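Colleague: Sequence:
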Amino acid sequence: MSRRPLTSLLALGCLSVPLARAQGSQAAAVVFENVRIFDGTSDRLSPASNILVVGNTIRSISTAPIVPPADAQVTVIAGGGRVLMPGLIDAHWHALMSANTLADLTSADIGYVHVCAGRGATQTLMRGFTTIRDVGGPVFGLKQAIDRGVIAGPRIYPSGATISQTSGHGDFRSRVEPSRRFSGLQTYLERIGVSVVADGVDEVLAATRENLRLGASQIKLMASGGVASVYDPLDTRQYLPEELEAAVRAAADWGTYVTVHAYTPASVRRAVEAGVKCIEHGHLLDEDTMQYIAEHDVWLSMQPFEFTDNTFPTEEQQAKNRQVCDGTANVYIWARKHKVKLAWGTDLVFNPAATHKQNEGIRKLGQWFSPFEVLRMITHDNAQLLALSGPRNPYPGRLGVIEEGALADILLVDGNPLEDLSILVDYEKNFKVVMKDGIVFKNALP
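The numbering of the sequence shown is our numbering, which starts it at 6 and goes up by one.
It should be emphasised that the hints constitute simulated quantities derived from the structure, not laboratory data.
In the DSS-like style, the derived pairs of lysine-lysine whose C-alpha atoms are separated by at most 30 Å in a straight line are: (1) K362 / K434; (2) K437 / K362; (3) K434 / K369; (4) K342 / K362; (5) K346 / K369; (6) K369 / K344; (7) K362 / K344; (8) K346 / K362; (9) K437 / K369; (10) K369 / K342.
Beta-carbon label-pair distances, calculated as ranges: (11) Y117 / I338: 40 to 48 Å; (12) D331 / D114: 36 to 44 Å; (13) E321 / V181: 17 to 25 Å; (14) N335 / P183: 37 to 45 Å; (15) P451 / D258: 49 to 57 Å; (16) E320 / A359: 19 to 27 Å; (17) K434 / Q323: 31 to 39 Å; (18) G402 / E321: 44 to 52 Å; (19) S112 / G402: 35 to 43 Å.
Because the structure is a prediction, the values reported are computed rather than measured.
We put the beta carbon where it would ideally sit given N, CA and C, even for glycine.
Working from the sequences, and respecting the hints, build out all of it.
Modeller: Below is the structure:
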């Protein structure tokens, strides 16, 4: 796919114009000199090293000086002994819903909504997130604009519309809106691709296949009650086993997987029995179910929620929010004990003014994990989850690591995050270079 060079950026912080790939036969190359590397897998920084990026790939890493290709258009970045690390990955992000309020999403002109999502995507990249897994929302056009170089933003692994049963976590109808099954009318959020209400095996199959047709890299179903939704108590199990199994089989036919929103032991066990490969949230799990997840080699994509992270309009929703947040600590303790495959994401929605807190979730993980374990989780481990999409992976190649042959998603950071995770929170000050796919989108060095 061809790229057009970006001529300007609208984002927070001091940004440089991205360095466009050289045209014609001349390759573009970037040399990072004198950097210490966190490679995504080692608990120690490398000695002073040099890295050569050619095109969108890390070509070589050496403690000796690197000579770039003779025919390359070369940019040299003097690292000054700073830490070079993989770009951050958020495994539970909503690019459209994080950039808009619920009121705007349901009533504003759809063009405005998508422009806000584009601005939010650029800001996400400037926070150091070079990749996000979008687990619900109409982001196919946004992904295309980013991939083609129309705007700056992270790589997006899209799920498309969330799939929910009637009265489930994705059913956001008002009480006076009739069901599509009885009225024949889709809700507005269904029409714009935020969610789809699907009941029965046939409708679940159709919804799954429609998302795959549009380019989903994985499928997202709602399998238990939620906080933001009004009809479903947290303890409810959503979707019958045969409905979940239908989605899993349809996704597997396309070489990819299903992830589900689920909080409770009963809903998680039903999903795992159906063949689901990843659980989103899980904050109300018990230890037996955590061991069950580990035994079945299923991923748990968790968020270190705190009560003030999100504010909801009703007392009932706030009570559900409190219940979920109160379960966070036990889940992390048990997940670590049973060696569950953990991913990390933030799930900030409907409050654009709070998206700057995305990096705060990294520091919160330090309550249960060492800085190394956190850094590995938000780079290498999250990338392993993304790779479950198999042939539906929109960005084939190695992410989340600094290795020869890996895709060149790179941060150059002031300070050592292996010693202090808060360095990653103050991204405006400490992220000196942001590179995604071999292109420098920020260079704050002299």
